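Enquirer: Sequence:
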Amino acid sequence: MGPGPGGPRTAVRLRPRPPDLPAHRRPSEGGPPGSGGRRGGTHRRPDFFGASGLPSLFRRPLPRARLGTGRMKFRDRTVLVTGASRGIGRSVALRFAEEGARLALVARTESELLQTASAVDQAGARAVAIPTDIRDRGGAEACVEKAEAELGPIDVLVNNAGVFLWRPFLELTEEEWELVLATNLTGATNFCRAVLPGMMRRRRGRIVNVSSIHGMRGEANLAAHSAAKFGLIGLTQSLAREFRAYNIAVNAVCPGTVENKQDETGEPSRSEPLAEKLWPRDVARTVLFLASDDAAAITGAALEVLGGTHLTIQP
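Residue numbers (our numbering): 14 to 328.
Since the hints were made in silico from the structure, they are not lab data.
Hints should not be assumed to be uniformly reliable.
Claimed, not checked - So the derived label-pair ranges between C-beta atoms look like this:
| hint | residue 1 | residue 2 | range |
| --- | --- | --- | --- |
| 1 | 128 | 151 | 24 to 32 Å |
| 2 | 231 | 206 | 35 to 43 Å |
| 3 | 127 | 191 | 27 to 35 Å |
Please read all numbers here as calculations on a predicted model, not as lab measurements.
All C-beta atoms, glycine included, are put in the ideal place defined by N, C-alpha and C.
Could you build the full structure based on these sequences and the hints that come with them?
Expert: What follows is the structure in C-alpha cells.
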C-alpha cells in the first residue's frame with residue numbers, strides 16, 4: 014500500500030480462516046485403543062456438565078457422615094449443670110454429652126437427676142449426679158468439690174436451676190418472694206463463687222446463666238420471677254467485666270416460653286411454624302454455643318432465644 018496522508022503505513026496481511034472443525038460424533042464401536050471412540054484417534058473432550066446442566070463435581074453423591082467421626086467440641090472438658098433433672102437442664106446435659114463432655118449433674122430431686130445421668134451414660138459420656146440445694150452456699154461449695162474430685166476441674170458452669178411463680182404482686186407472700194430470688198438468683202451466685210477461684214487459677218472458664226425473656230422485659234403477675242431474672246443478667250454483666258482479664262467468659266441466655274415437657278429422647282418436630290413452639294433443645298444449643306470456643310470473643314451478652322414467638326401478632 015502506498016503512503017497515506019499521515020505517512021507510511023505497515024501492510025497488514027490477513028490470515029486465511031481455518032476450516033470448520035468436524036462436528037462431534039458418537040463413539041463408534043471397534044475404534045482404535047486410545048481414540049476415545051472418535052475417528053482419527055483425537056482426544057475427546059470430557060462431558061463436564063452433562064444433561065443435568067450441573068458440573069459433574071456437583072452431580073456426584075456426597076459421602077455419608079459417620080456417627081462418632083466428627084470432632085467433639087467438649088471432649089476432655091468438665092461441665093456442671095444445675096437444674097439438670099428435667100426440661101432445659103436435661104437437654105443441656107444431653108447436648109454436652111453428645112459433644113464428649115464429662116457431666117456433673119445438680120438438682121434437688123434425686124430420682125429425676127438419676128434419670129438424666131442414665132441418659133447421659135447411654136449417650137456414651139460420663140456423669141455424676143449430685144443432689145444439692147443450690148440455695149445453700151456451703152452445699153454449692155461441697156458440690157463443686159465433689160464434682161472436681163470425680164471428674165476434674167470445672168471448665169463450664171451452666172446455672173439453669175430456677176422456679177417459676179405466677180402470682181399477682183399484692184398476693185405475693187414474703188416466703189414466695191424469698192424462694193424465687195433465692196433459687197433463681199442466689200443459687201447462681203453460690204455456684205459462681207464456688208467455681209471462679211479455680212477458673213482464675215487456670216485462667217480459663219465459661220459460665221452460662223439461663224435467665225429469661227422476663228429478665229429483659231417485665232410481665233404482669235411475674236414480679237418475683239422478673240426481678241430475679243433481671244438480677245441474673247446484671248450479675249452476668251458484672252462478672253463478665255470483673256473476670257475478663259482471666260479469660261473467663263460469662264454470658265446469659267434468655268428463652269421465651271419453652272415446651273419443657275417435650276420428650277428429648279427423639280428429635281422434636283419442626284412441622285409447626287417457628288413462631289408457635291420453642292423446645293428445650295433450642296435453648297440448649299445456644300448454651301453450648303456460648304460455652305464453646307466458637308464464642309471466645311463473646312462475654313457479657315444476654316442472647317434472646319424466642320423461636321419467633323415475639324413476632325406473633327394477636328388479632
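Enquirer: Of all the hints numbered above, which does this structure not satisfy? Sort the numbers upward.
Expert: Failing hint: just 2.
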